[in-house]
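S.K.: Single-letter residue listing:
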Amino acid sequence: MILEIDMAGDIPIYQQIRNQIVFGTATGRLKVGEPLPTVRQLASDIGVNPMTVNKAYGLLKDEGVIVIDRRHGAKINELPSADDGFINDNLTAEFEQRAALLISEARMKGVSQENLRVHLNILVDNIYNQKGEIL
Amino acid sequence: MIWIYIFILWLVYIVMTVSSLSYIKYQDHQILGVTLSKLNADNPEIKGIINSFKKLCYLILSFSMGFSLLLLMPFIRHYADFLMFFMMALNLFANWISINHHQKKLLTIKEQNKWIYSNKKIVTVDLNVSKVKGKSRISSVWIWIFLILSFIPMIFLLINSDMRKFYPLGFSFIGPVCQLLSTFLYYQMINQPSRIIGHKQESNLLFAQKYERINSTTATLTALSMLIFWILFSLSMLHIQNNFLIIVPITFLIIAVLTIENWHQKKIHKLEEAFTDISSEYEENIQEQESTWKWGCYYNPNDLRIFVPKRFASMGWTINIGRPIGKVLYFGTIALVFVVIIFLAYGGTKDYEIELEGSEMMIDATMYDISIEKEQINTVSIINQLPNGIRTNGYGGVNKSFGHFTFDKYGNCMLYVYNNVNQYVVIDLKGSNPNYIIINDKTMEETEALYQAINSWLSE
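Here the protein sequences line up with chains A and B, keeping their order. Residues in the first sequence are numbered from 1 upward in steps of one, following this note's numbering. Residues in the second sequence are numbered from 1 upward in steps of one, following this note's numbering.
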């Protein structure tokens with residue numbers, strides 16, 4: 001999987017690494033059990049401090065996306081089964097808040113309700129069917 | 001003697017010309033440091049600029065070589081040490097002007113044709129390539145063996161203490177320090193970020209493996225050349241009294257480094273060409289790189305690296321002056337160069353001042369002043385030829401030699417002589433630090449007068 005990090009962008013680099021690994025895992029570009037590069041190696045390739053990559057890996061570990069083994073390094077965790085709902089109310093609220101904001105932004109840019117539904121359906125379909133690409 | 005200096009100057013000029021000419025090769029989406037896509041780089045206008053740059057490079061080389069022959073003129077020879085550096089600086093400046101002028105031309109064509117590339121600073125990393133990094137390189141064991149072997153001259157001097165008069169022990173540290181720098185270069189080269197040429201994992205992997213192999217081979221061969229140079233140099237210092245032969249290891253090092261660099265460039269170029277079809281899918285992702293360069297130096301406070309590859313791919317490394325340590329290193333180096341030039345200009349042109357006052361004799365020379373008492377002097381004699389000897393810590397220029405020297409028969413001496421005058425006043429001293437002071441003046445007559453003056457001062 002290829003990471004594309006915008007060094008001059010507004011999104012913090014650790015957040016970009018975390019986001020892209022989450023997308024990669026959800027869309028199947030990163031397989032379950034696949035090892036990730038070491039913190040030092042990835043930091044050297046991106047040209048950032050190892051603490052930045054360490055922070056991204058820490059977030060991914062806390063979210064259960066990866067598991068970190070002292071001997072074998074970081075690897076992609078098992079995907080939770082897709083028929084469950086959110087684990088708790090906090091996650092539901094957080095997701096709804098973020099999704100509502102995105103939908104509101106689309107509304108402010110003049111996207112029709114119908115058009116937005118079509119886009120969302122394609123996105124959900126791509127991610128859940130692991131088609132490899134988000135869009 | 002002057003021809004050795006002219007030969008060194010010519011070598012420097014050739015190295016600078018070869019370096020300048022290598023900037024026009026299309027590498028890392030750049031020609032002369034200007035970002036261009038492969039398609040645009042093949043444009044006839046761009047080709048025309050490249051040809052004009054080539055011609056100017058050869059013109060500067062010919063002119064510089066011809067200009068250096070001025071050193072043969074007697075009235076200029078007096079300032080030869082300083083002039084050599086001035087001529088080198090002039091050649092460097094001329095090459096810089098030429099590069100700058102042609103860069104501007106390229107940028108104008110780019111602007112006229114509206115060849116605009118993304119200004120985004122996107123770093124692309126293939127996770128699969130990152131995972132296997134380091135597995136295709138030449139083992140670091142070789143580098144460490146070379147580093148250990150560079151201590152041989154030092155060990156030899158520790159065992160054979162009598163050789164230290166020809167080859168000071170402190171001097172033998174230079175080799176291991178240079179070898180340590182080669183080791184540093186090796187680790188810098190193998191830790192370069194992997195280049196991504198497309199979306200295909202297999203191609204990225206293959207490219208990265210070959211790229212890593214070429215880089216590590218280059219660094220290992222450079223370290224080996226450095227070791228061979230150091231051993232040859234040490235041998236010439238220990239067993240050859242002819243200073244001219246010291247040029248052999250220096251010439252070897254220059255030729256070896258240029259050959260390795262050329263091989264490295266060709267290999268990388270070939271590799272890039274082999275992957276051209278695949279990399280073309282990344283053409284639209286070419287990023288402008290001009291913004292990270294300021295005053296001709298790499299300036300990127302967001303890049304944590306202190307040493308970064310040069311703007312012209314494969315031309316070695318430069319300092320990131322966007323980082324505080326980079327600034328200190330950069331301006332420190334510039335200050336050091338200025339100190340050397342000032343020392344050369346002052347030391348090379350200032351005459352010795354010999355004063356005989358009361359019971360004290362004072363010799364004033366840049367950095368190597370000495371004063372002795374009348375009672376320290378055993379005898380004073382005059383000779384027409386200096387015995388074989390070498391400089392241990394001093395200045396050896398075209399016109400003058402001064403400082404600490406060791407000569408057969410005399411041992412440790414302080415020397416203050418004009419090289420073109422074959423008459424010397426030898427002052428034999430009590431004690432061994434130094435054993436003798438050897439001086440002369442600008443002409444045979446003046447040296448004779450100096451000898452008489454010292455004798456009459458002694459008899460006062």
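Calculated directly from the structure, the hints in this document are not laboratory data. Please note that the accuracy of each hint is not assured.
DSS-like mimics (lysine-lysine), calculated; alpha carbons at most 27 Å apart, straight line [to be verified]:
{"no.": "1", "chain 1": "B", "residue 1": "K25", "chain 2": "A", "residue 2": "K75"}
{"no.": "2", "chain 1": "B", "residue 1": "K131", "chain 2": "A", "residue 2": "K31"}
{"no.": "3", "chain 1": "B", "residue 1": "K131", "chain 2": "A", "residue 2": "K109"}
{"no.": "4", "chain 1": "B", "residue 1": "K131", "chain 2": "B", "residue 2": "K110"}
Where chain A lies over chain B, by a calculated footprint (3+ residues, C-beta under 8 Å) [stated by the list, open to error]:
{"no.": "5", "region": "117-123"}
{"no.": "6", "region": "321-335"}
Quick caveat, the model's predicted, so the values are computed rather than measured. We treat Cβ as the ideally placed atom computed from N, Cα and C, and that holds for glycine.
S.K.: None of the hints should be skipped; say for each whether it holds.
M.R.: Hints versus structure:
{"no.": "1", "hint": "B/K25 x A/K75", "result": "violated (41 Å)"}
{"no.": "2", "hint": "B/K131 x A/K31", "result": "holds (15 Å)"}
{"no.": "3", "hint": "B/K131 x A/K109", "result": "violated (42 Å)"}
{"no.": "4", "hint": "B/K131 x B/K110", "result": "violated (38 Å)"}
{"no.": "5", "hint": "117-123", "result": "holds (count 4)"}
{"no.": "6", "hint": "321-335", "result": "violated (count 0)"}
Against the hints set out earlier in the document, violations occur for numbers 1, 3, 4 and 6.
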